[in-house]
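Starting from the given sequences, assemble the full structure and let the hints guide the process.
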Amino acid sequence: AAGVIQSPRHLIKEKRETATLKCYPIPRHDTVYWYQQGPGQDPQFLISFYEKMQSDKGSIPDRFSAQQFSDYHSELNMSSLELGDSALYFCASSSYLDRRTDTQYFGPGTRLTVL
Amino acid sequence: SQQGEEDPQALSIQEGENATMNCSYKTSINNLQWYRQNSGRGLVHLILIRSNEREKHSGRLRVTLDTSKKSSSLLITASRAADTASYFCATDSWGKLQFGAGTQVVVTP
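Line by line, the protein sequences give chains A and B.
Each residue of the first sequence is one higher than the one before, starting from 24 at the first, in our numbering.
Each residue of the second sequence is one higher than the one before, starting from 523 at the first, in our numbering.
If you're looking for bench data, these hints aren't it; they were derived computationally from the structure.
Everything numeric in this text was worked out from a predicted model, so none of it was measured.
Heads up, a few of these hints could be off.
Said to hold, decoys possible - For lysine-lysine, the following DSS-like pairs were computed, each having C-alpha atoms within a straight-line distance of at most 27 angstroms:
(1) A:K80 <-> A:K36
(2) A:K38 <-> A:K80
(3) A:K75 <-> A:K45
(4) B:K592 <-> A:K80
(5) B:K548 <-> A:K80
(6) B:K578 <-> B:K591
As structure tokens, then:
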């Protein structure tokens, strides 16, 4: 079965650079979530989208922005990168209509390293 | 801020033993989910228990939920070396997941 795809899997950037992370949800999933997991920490919710509209917002810095496109893929744009942004960034997807499971399916993550 | 707290933070057991970890949370929830994460890798969904359920089984996994105490437990029976991973509970409050700190489980052969 198709899973959530994230690209790139690894990304190395310098301080003050920008980065774009992409997420391709499971086909027919209409909701996308972004999470950030720092080293040795639990994942923290950043932002979510349902049907291309922002549905919820968590601890996402103002330097970050995200959107969901017409094909339901999502991009997380990160500007003015700081050392503290080094983390594993997960995307998850779910289907709002599939209330049987309420399960979010996670991608493999993008490991961002800021030097 | 963290929704849930897990204990123990780390657990070391031998193959064949059972592993139990607990999770406490603070707010009302729609459901509670448990995930496994191998070192630095993706999160794998293990089991979901809804707020109106008290116990759920899936293979060697048993999850309980006590909404009056705002706590949940995950039991892994007859553990295997392949169960070595970090285990996170996550509460679902209408969409976004809030994760606990995780329990690092090491199963030695």
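Each hint tested on the structure:
{"no.": "1", "hint": "A:K80 <-> A:K36", "result": "holds (25 angstroms)"}
{"no.": "2", "hint": "A:K38 <-> A:K80", "result": "holds (25 angstroms)"}
{"no.": "3", "hint": "A:K75 <-> A:K45", "result": "holds (14 angstroms)"}
{"no.": "4", "hint": "B:K592 <-> A:K80", "result": "holds (24 angstroms)"}
{"no.": "5", "hint": "B:K548 <-> A:K80", "result": "holds (19 angstroms)"}
{"no.": "6", "hint": "B:K578 <-> B:K591", "result": "holds (17 angstroms)"}
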